[in-house]
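These are the residues of each chain, in order.
There are 2 protein chains.
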Amino acid sequence: MITVLSGGVGAARLLRALSGEIDPGEITAVVNVGDDLVLHGLTICPDLDTITYTLAGLNNDQLGWGLAGETWRVMDELAELEGASWFRLGDRDLATHLYRSQRLSEGATKTDVARELCQRWGVRVSLLPVTDDEIATVFDTEIGALSFQEYFVRHRHDVVVRGITVQGVAESSPTIEVLRALEESSRIVIAPSNPLISIDPILQVPGVREILHARRDDVVAVSPLINGAALKGPADRLLVELGHEATCVGVADFYHEVMGTFIIDEVDAHHAAQIESRGVNVRVTTAIMAAPDDARRLARAVLA
Amino acid sequence: MITVLSGGVGAARLLRALSGEIDPGEITAVVNVGDDLVLHGLTICPDLDTITYTLAGLNNDQLGWGLAGETWRVMDELAELEGASWFRLGDRDLATHLYRSQRLSEGATKTDVARELCQRWGVRVSLLPVTDDEIATVFDTEIGALSFQEYFVRHRHDVVVRGITVQGVAESSPTIEVLRALEESSRIVIAPSNPLISIDPILQVPGVREILHARRDDVVAVSPLINGAALKGPADRLLVELGHEATCVGVADFYHEVMGTFIIDEVDAHHAAQIESRGVNVRVTTAIMAAPDDARRLARAVLA
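Residue numbers (my numbering), protein chains in the order written: chain A, 45 to 348; chain B, 45 to 348.
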């Protein structure tokens with residue numbers, strides 16, 4: 045069994061690639077919920093949904109997010125009402141949020157809902173929100189405090205960030221399922237998600253970092269930076285703004301206490317010695333998953 | 045200025061007919077919110093929405109509820125997820141509920157939201173929820189306690205009712221706008237809505253019944269029963285189940301302390317003397333609003 049600490053798109057692609065190499069029933073994803081939001085009364089879990097849709101083969105490849113075959117009737121009507129329509133929720137996608145919100149109001153947990161949605165769509169990877177408590181990643185920016193999605197979607201991550209805090213995380217607990225997965229997996233993988241805003245909120249949930257630290261030799265991380273750039277999102281920019289080096293070396297420094305092995309792209313091979321000097325094993329392969337063959341090669345490197 | 049105590053469909057039709065006779069800006073509707081519900085995380089106000097849609101000319105005449113040109117993508121997807129889909133929410137209609145829920149979460153009141161939606165759709169009648177506090181009509185039935193919409197929609201009002209209570213109503217307050225409308229109108233109208241489940245929850249909000257009682261001579265009610273039958277809904281059946289007479293006389297007995305004039309249909313003219321013996325003036329006209337001419341005649345009788 046392997047467990048993958050996961051954000052959204054990058055993690056979803058790695059999980060899909062891993063599912064092609066081993067039985068998906070042997071894979072658990074521990075998923076960030078720091079970017080969850082309540083909008084229009086609906087509880088929305090973007091990372092969980094992105095992974096679920098991708099593993100169900102329902103993801104929208106054109107948009108890069110959301111569901112295939114999506115329609116936008118509700119959003120169009122909401123825009124007519126001059127309602128908040130900056131966070132685009134398609135009609136199919138809305139059904140997910142209505143389902144989750146109703147189940148939560150009936151006393152279900154996010155863990156329950158993730159399991160139910162996976163069952164409906166035939167997803168066999170176990171998706172576990174890292175916690176069922178409410179945590180919220182907040183950005184201290186040049187224009188004031190912003191919630192995750194205000195920063196990421198509304199302002200298209202194009203404002204200067206001075207700091208990031210995860211509200212509620214100190215009082216949160218990992219679920220029992222998460223603790224069991226982290227303790228019983230033969231390998232723990234850190235997906236090529238944003239270290240600061242996807243992975244760090246998971247590590248901050250009390251107990252998680254400690255388990256990874258203790259099991260450091262079994263932890264393999266995949267670099268989200270290739271030649272100093274993120275394939276998607278603001279990881280490179282945020283690393284610089286928050287005083288880190290925007291290269292795979294900077295990411296290695298960020299993770300070195302909790303990982304034993306770091307997988308970097310071939311173009312970054314010249315950084316290997318520097319990373320190994322931090323006491324981290326390095327594997328060099330293709331860390332881009334655009335082509336199926338490359339995704340397969342990366343998955344095999346993660347499992348090797 | 046006139047003020048109309050209002051439930052859903054019957055009140056909406058009367059308000060539309062009244063709007064054809066006098067300036068809609070002179071009409072205020074005080075609307076029941078005892079049948080409001082929170083479903084899928086969304087706050088839904090069926091009576092307010094029915095009236096708004098009808099006065100905006102957007103109501104769905106085929107269904108008898110909801111919006112014209114409606115589509116059902118979200119509900120179809122929700123049914124695929126085996127989510128709660130017994131309360132049908134169309135895609136256009138959902139935009140209303142998303143708008144309201146978001147505004148409420150931002151600190152707006154139901155009164156604010158009703159005003160905003162009316163502005164967007166050019167509705168000039170003032171729609172006032174009777175209270176901005178939460179109240180909930182609950183049915184004690186042969187199969188246990190049911191919320192309003194569980195009783196009305198899920199079970200199609202086809203279970204025996206032993207009692208009706210309005211939770212929270214004793215601690216609720218009418219809004220200042222409602223009090224002003226009731227005190228300053230030249231006439232107060234009780235729409236031909238269900239007396240027990242649409243009008244009574246309004247009367248139970250502390251202060252409302254007292255104002256009507258004091259202004260009894262200015263209060264005109266329209267009978268919702270014609271020849272002992274409700275045109276729509278379970279008013280006749282509920283009157284019997286709860287020990288009232290299922291005729292316009294039974295309704296007159298229910299209202300006689302708060303109304304000075306009762307408008308009944310021609311087919312019920314033979315009840316006039318019996319009702320007048322309760323100290324209530326009776327006007328006889330067509331109380332059915334199916335044909336535009338009849339609706340106009342009823343509106344004129346209400347205004348006479």
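By construction, these hints were calculated from the structure, which means they are not laboratory data. Take the hints with a grain of salt, since some may be wrong.
Label-pair restraints from in silico Cβ distances [claimed, not checked]: (1) A:R198 to B:N271: 55 to 61 Å; (2) B:G64 to A:A100: 50 to 56 Å; (3) A:Q106 to B:E124: 18 to 24 Å; (4) A:A348 to B:L81: 52 to 58 Å; (5) B:E124 to A:E178: 53 to 59 Å.
Here are some, though not all, of the chain B residues that point toward chain A, as calculated from beta-carbon distances under 10 Å [to be verified]: (6) L86; (7) T87; (8) V118; (9) G134; (10) S145; (11) L148; (12) E150; (13) D156; (14) E160; (15) R200; (16) I270; (17) G272; (18) L275; (19) G277.
Covered by chain A, per the in silico footprint, the following chain B stretches (three or more residues, Cβ under 8 Å) [what the hints assert, rightly or not]: (20) 77-85; (21) 288-296.
Even glycine gets a Cβ: it sits at the ideal position worked out from N, Cα and C.
- Message: Tell me the hint numbers this structure goes against, listed in increasing order.
- Response: Hints 5, 13, 15, 16, 17, 18, 19 and 21 contradicted; others consistent.
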